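S.K.: Take the two lone chains, each set in its own frame, and fit them into one complex as the hints suggest.
Protein sequence lines correspond, in order, to chains A and W.
Numbered as in the working numbering, the first sequence ends at 173 without a single skipped number.
Numbered as in the working numbering, the second sequence ends at 315 without a single skipped number.
The hints are simulated quantities; they were obtained by calculation from the structure and are not laboratory data.
Small disclaimer: the values here were computed from a predicted structure and weren't measured.
It is possible that part of the hints are untrue.
Facing chain A, a subset of chain W residues (Cβ under 7 Å, in silico) [said to hold, decoys possible]: (1) GLY265; (2) ALA267; (3) TRP268; (4) ALA271; (5) TYR274; (6) LEU280; (7) ILE281; (8) ASN284; (9) LEU285; (10) ALA290; (11) ARG292; (12) HIS296; (13) SER297; (14) ALA299; (15) LEU300.
The beta carbon of each residue, even a glycine, is placed where N, CA and C say it ideally should be.
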Amino acid sequence: MPDLDNLIARLIQNEVDLVVVGGFAATTHGVTLVTQDVDVCCDFSPDNLMRLQAALSDLHPVHRMPPARPPLELAPESAGDFKNLYLDTDYGQLDCLSSIDGIGDFEQARQHSIEITLPEGTCRILSLDALIRSKEAMNRPRDREAVLQLKAIREQLDGQP
Amino acid sequence: MAKRKDQPAKGPAWRAAEDYGIDMSLIESNLRKTPAERVRAHSRALATALALREAMKKRNA
Numbered sequence: 013m014p015d016l017d018n019l020i021a022r023l024i025q026n027e028v029d030l031v032v033v034g035g036f037a038a039t040t041h042g043v044t045l046v047t048q049d050v051d052v053c054c055d056f057s058p059d060n061l062m063r064l065q066a067a068l069s070d071l072h073p074v075h076r077m078p079p080a081r082p083p084l085e086l087a088p089e090s091a092g093d094f095k096n097l098y099l100d101t102d103y104g105q106l107d108c109l110s111s112i113d114g115i116g117d118f119e120q121a122r123q124h125s126i127e128i129t130l131p132e133g134t135c136r137i138l139s140l141d142a143l144i145r146s147k148e149a150m151n152r153p154r155d156r157e158a159v160l161q162l163k164a165i166r167e168q169l170d171g172q173p
Numbered sequence: 255m256a257k258r259k260d261q262p263a264k265g266p267a268w269r270a271a272e273d274y275g276i277d278m279s280l281i282e283s284n285l286r287k288t289p290a291e292r293v294r295a296h297s298r299a300l301a302t303a304l305a306l307r308e309a310m311k312k313r314n315a
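Isolated chain W (complex conformation) (with noise of 0.2 Å):
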């Protein structure tokens, strides 16, 4: 993922985060949530993926 220059600079377990591959935009859009919104975009998450899951399963049906 691009860093944009205005980042400021992240601590160790941040960047290991990021070097394995994870989105730490996702995480950082996490954290301006409080953990009942998390809860709610989780729930709309699992729910998508679910949809799309069966969907897929129908199609190859």
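This is chain A alone, in the form it adopts within the complex (with noise of 0.2 Å):
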């Protein structure tokens, strides 16, 4: 069964440097769209993936996209070799990813996000605006449905008409 508060709980004990973006963001600003998935654009330092690793050390992660899924075994000298992580876990699935659609890399990523407070901790998401920006780059009917919703919560909290 996913816990993906568990999961993001685990990402921040840990010091992992990232930004959540997605429908998990979406959903910290209002959406009311279900995602079984947490994507987050993460710094892909060998440090900092280290400290990923460990945060899902006892989580049974696996490479999700190739067919025999062999377990995350990252090494410090092989870390920077990936681009992207699509990683399943106890906790439910984890993409990270080292750069996202009409936003940047993580840099830029991190430039536009804001920080939010859990029980955990404190966990930086993608703004609004850029989330918009980066659904209407991805342009999915999912990311469309998402798209609306967020422009009404953008007018709602402009205080518009």
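M.R.: Encoded structure:
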């Protein structure tokens, strides 16, 4: 059974440098769509990826795209080889991306993020406006519905009309 | 969805979402919550959806 709250909590507690993006970020902004995974844009430096691996170590993390689903076994010298990590864990799916459509790389995502407080600590999520840009760039049917909601939320927060 | 007479006028983006069929009362409810409360509510919704899916799988097995 996915436990996305605790998946995020693990990342926070292990000080993984990341920005929550995608559907989970949309949820924190008020979107009503339910998502079954967590997407993060993160620093792909070896140090950060080793913290990520430590955060997931007892959750049986595997690479979910290859049919053999090999376990996540990063070493500092090879951690820099990855551009994205598509993982499955006991707490649910976690996609770690080095860049996101419409925004750019991790540093740009970080610049366009806000900090929120969760019971486990603080966490950075993509800002409402950046999330709209990202979802517009992806433009899948699900993204289009999220954009409708996000724009309505932006308008409501701006006090329009 | 029926609109109450005392509802304030909404902007074009709000109306576009409403016209698309989105239940805007759910968004209003979400906006009254803190981000942490939204995350918790999402978790409960996901758990419920998955439990129902599992129950349907068992029924159809």
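S.K.: If a hint holds in the structure, say so; if it doesn't, say that too.
M.R.: Okay, the hints, checked on the actual structure:
no., hint, verdict
1, GLY265, "holds, 4 Å"
2, ALA267, "holds, 4 Å"
3, TRP268, "holds, 4 Å"
4, ALA271, "holds, 4 Å"
5, TYR274, "holds, 5 Å"
6, LEU280, "holds, 4 Å"
7, ILE281, "holds, 6 Å"
8, ASN284, "holds, 4 Å"
9, LEU285, "holds, 5 Å"
10, ALA290, "holds, 5 Å"
11, ARG292, "holds, 6 Å"
12, HIS296, "holds, 5 Å"
13, SER297, "holds, 5 Å"
14, ALA299, "holds, 5 Å"
15, LEU300, "holds, 5 Å"
Comparing the model with each numbered hint stated earlier shows that all of them hold.
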